[in-house]
Each structure stands twice: as C-alpha cells, then as structure tokens.
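Going by the numbering used here, the residue at position 186 of the sequence shown is 186; the numbering climbs one at a time, nothing skipped.
It is worth saying that the hints were derived from the structure and are not from the lab.
Fair warning: there could be bad hints in the mix.
Calculated lysine-lysine pairs in the BS3-like style (CA-CA distance at most 30 Å, straight line) [to be verified]:
{"no.": "1", "residue 1": "179", "residue 2": "312"}
{"no.": "2", "residue 1": "171", "residue 2": "58"}
{"no.": "3", "residue 1": "386", "residue 2": "335"}
{"no.": "4", "residue 1": "312", "residue 2": "335"}
{"no.": "5", "residue 1": "179", "residue 2": "58"}
{"no.": "6", "residue 1": "398", "residue 2": "179"}
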Amino acid sequence: MGRIYVVGTADTKGEELAFLADAIARAGGAVTRVDIGTRGATVPVDIPASEVAAHHPKGAGAVLGVDDRGAAVAGMGAAFTNFIRSRHDIAGIIGIGGGGGTSIVTAGMRALPLGLPKLMVSTLASGDTAPYVDVSDIVMMPSVTDMAGLNRLSRTVLHNAAQAIAGMAAKPAPAAAGKPALGLTMFGVTTPCVTAIVDQLRTGYDCMVFHATGTGGRSMEKLADSGLLAGVLDITTTEVCDFLFGGVLPATEDRFGAIARTKLPYVGSVGALDMVNFWAPPTIPERYRGRLFYEHNPNVTLMRTTAEECRKIGEWIGGRLARCDGPVRFLIPEKGVSALDIEGGAFFDPEADAALFEAIERTIQPARDRNVTRLPLHINDPAFAKAAAEAFLDIARK
1 MGRIYVVGTA DTKGEELAFL ADAIARAGGA VTRVDIGTRG ATVPVDIPAS EVAAHHPKGA
61 GAVLGVDDRG AAVAGMGAAF TNFIRSRHDI AGIIGIGGGG GTSIVTAGMR ALPLGLPKLM
121 VSTLASGDTA PYVDVSDIVM MPSVTDMAGL NRLSRTVLHN AAQAIAGMAA KPAPAAAGKP
181 ALGLTMFGVT TPCVTAIVDQ LRTGYDCMVF HATGTGGRSM EKLADSGLLA GVLDITTTEV
241 CDFLFGGVLP ATEDRFGAIA RTKLPYVGSV GALDMVNFWA PPTIPERYRG RLFYEHNPNV
301 TLMRTTAEEC RKIGEWIGGR LARCDGPVRF LIPEKGVSAL DIEGGAFFDP EADAALFEAI
361 ERTIQPARDR NVTRLPLHIN DPAFAKAAAE AFLDIARK
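All chains should be built: construct the whole structure from the sequences, respecting the hints.
In structure tokens form, the structure reads like this:
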C-alpha cells in the first residue's frame with residue numbers, strides 16, 4: 001500500500017508537522033513522517049533527519065552539524081532528493097516550510113514523476129514560485145501565517161491541506177488509455193513543419209506540442225523521464241542557442257539528457273538554431289550591439305547566430321546526442337532552419353548554416369542506430385515534415 005510522506009523540519013516546525021500528519025491519518029491516509037531538520041526533532045518521526053542526511057553524496061556529515069545555514073539547507077536538499085529517489089512506496093507527498101524547508105522539500109518533489117500528488121504548504125506560495133515548481137506539477141498552498149506554532153488559521157489551512165493530499169492519494173488518476181503520447185517541440189518559425197507532422201501522426205499518436213521557450217523543452221523531457229512519452233520529435237532545438245549565448249529562453253545543461261536516459265525513439269532537427277531570443281531592444285547585452293536583429297514583436301527581439309556560434313551550437317548538440325544509445329535520427333534541412341532563414345529572408349545565411357550542419361555531422365558519432373540525414377529542403381517544406389514523420393514511424397516500429 002502506498003504511503004503519504006509528510007515532510008518538514010521537525011526541529012522548528014514540529015507542532016505543525018504532527019498536526020498535519022494526524023489530520024491525514026484521520027482522513028484515512030497511511031502516513032510516513034520525515035524530518036529534514038538539521039537539529040533535534042521535537043516530535044516523533046518515522047524517518048529521522050540523520051537517515052535522510054545519509055543520502056548525501058558525501059555522507060551525513062556534509063549536512064548535519066554544519067554551521068553555515070545556507071550550506072546546511074543546500075546539503076539537506078541534495079540528500080532529500082536522493083532519499084526520495086530511493087523510495088518506492090510513495091502514494092503522495094506533502095511538505096510544510098518557510099524559505100529553507102520549501103527549498104529542501106520541493107527539490108525532492110521535483111525528482112518524482114509527473115502525476116504523483118505533491119503539495120507544498122509554504123510561506124512563499126503567494127510569491128514567485130518558479131524556482132520551487134520549475135516544470136513539475138507541485139501544488140503550492142499558501143500558509144498565510146508564518147509557521148511559528150499552531151493558531152486558529154494555521155489549523156484550518158493544514159486541515160484543508162491534509163484533506164487534499166489524502167483525497168489525491170486515495171483516488172489516483174486512472175492510467176492513460178488510448179493512443180501513446182509523443183512530444184514535439186515548436187516555435188512560431190517552425191509551426192508549418194510541426195503542424196504538418198502532427199497531422200500525419202495524430203491518427204496513431206496523442207501529439208503533445210511544446211513551445212520551445214526553455215520551460216517547454218524541460219517539460220517535454222520531464223514527461224519522457226516520467227515514462228509518459230512513447231517518442232520525441234525534437235524539431236525545434238533553439239533553446240540551445242539561448243543557453244550557450246545568454247538568451248532569455250534557455251535550455252539547461254541537461255537538454256537531451258532524458259533522451260539518453262530513456263532511450264526513447266528520437267527524431268531531431270535544427271529548428272530555429274538561427275536565433276537567440278532577447279526581450280525588447282534596450283535589454284540586449286552590450287556585447288551584442290551592432291549584430292543582426294529582427295523585431296519579432298515589441299517585446300521580443302531575435303539575434304541571428306553567426307557561423308562561429310553555429311559551429312559551437314552544432315558541436316554541443318552533436319556531443320549530447322552522441323551519448324544516446326536509443327534510436328536517433330537527425331534530419332538537416334539544407335535550405336533553411338526557420339521561416340526567417342530562407343532565401344530572401346531576414347536571417348538567410350548559408351555560411352552559418354553550413355557551419356552548423358558540419359559541426360553536428362562531425363560530433364554526433366553516427367552508429368548503427370544513430371545517424372544524420374541531409375535533405376535538400378527547407379524545414380517548413382511539406383516534404384521535410386513528411387520525411388520527419390516517416391523517420392519516426394520507421395524507428396518506432398522496430
């Protein structure tokens with residue numbers, strides 16, 4: 001039977017932690033109380049902080065007894081994440097905390113699959129929660145008052161939180177039925193291509209399109225890591241440009257990591273690798289003044305990547321895909337990588353594209369089930385979309 005993990009710092013939030021755990025138990029949940037405090041617990045717990053801290057790569061000593069609070073919080077966050085990954089009986093997880101506790105608990109929550117209930121009662125829940133939620137499905141619930149002992153309002157908030165997590169754990173969503181899901185990446189400048197691919201695959205697959213804005217790519221890969229995708233058509237890898245050159249919609253160092261970990265069937269391409277994204281012109285870094293720009297709208301400015309930048313982009317992508325042991329097909333549209341990179345277009349630059357293509361071919365390390373194919377087409381040509389769809393179907397059938 002799955003259990004509801006109730007997590008908090010039992011040294012400073014012990015009264016609230018005990019109240020919450022008891023409320024969940026009364027609602028019918030099987031409770032496991034987990035202490036992530038760095039000092040002695042003030043209430044009984046099922047998993048002491050020392051057991052959690054032992055999951056730190058450097059051992060419990062890197063977490064407990066550390067004088068620097070920031071280092072202790074960071075250390076416990078790393079330990080708790082590893083601890084959560086080691087557990088196989090979690091039906092739901094709920095945490096309570098202020099700044100430090102919220103950071104620790106949500107770090108572990110983000111390591112869990114999408115769909116598993118996650119609820120964080122936090123003093124920070126009414127502010128900018130992006131650093132805590134990222135691309136997960138954590139539900140943030142404001143505590144309203146600080147957690148410095150129970151009061152009439154905090155009892156109500158914690159009671160409601162207990163009912164919510166108990167209900168979610170008791171009534172999990174049914175397993176998805178029907179067509180397997182695919183992840184696809186798209187930008188405005190690759191929309192004709194991705195739309196055509198979806199039209200060709202939708203009869204057999206549930207096509208989930210992600211806007212390649214940094215969070216889009218991370219969301220898609222989180223789904224892959226969670227076992228919720230049957231394959232990926234990563235047509236628009238533009239987030240790599242922003243990651244390498246300081247744009248505002250970047251990938252992370254782990255881009256393509258889920259493809260390597262899951263070995264899912266993967267078809268990729270060079271969509272929108274001709275651009276780095278910035279906000280309005282005044283926000284563009286001084287080092288880029290004088291470059292070729294295109295005003296996408298009053299708030300978004302695109303910068304054309306140079307041949308040297310394209311070479312670095314290609315090497316980065318090729319190097320990451322070389323680590324993938326699953327089936328990989330990478331398609332190169334020789335006549336342009338976006339709606340702007342076309343003969344007569346604002347970003348048409350055959351020299352830069354050639355540097356990009358050569359770098360990918362040189363670094364991807366072709367193997368029996370990993371190859372690169374050049375096509376004498378533009379990325380938005382219908383024939384390119386057809387080739388991408390056929391490439392995916394070919395590897396998906398194997």
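For each hint, the structure was consulted:
1. 179 <-> 312: Violated, because 38 Å separates the two Cα atoms, which is more than 30 Å.
2. 171 <-> 58: 38 Å, violated
3. 386 <-> 335: Within the cut-off at roughly 16 Å; holds.
4. 312 <-> 335: 20 Å, holds
5. 179 <-> 58: 44 Å, violated
6. 398 <-> 179: 18 Å, holds
Hints 1, 2 and 5 from the earlier list are contradicted by this structure; the remaining hints agree with it.
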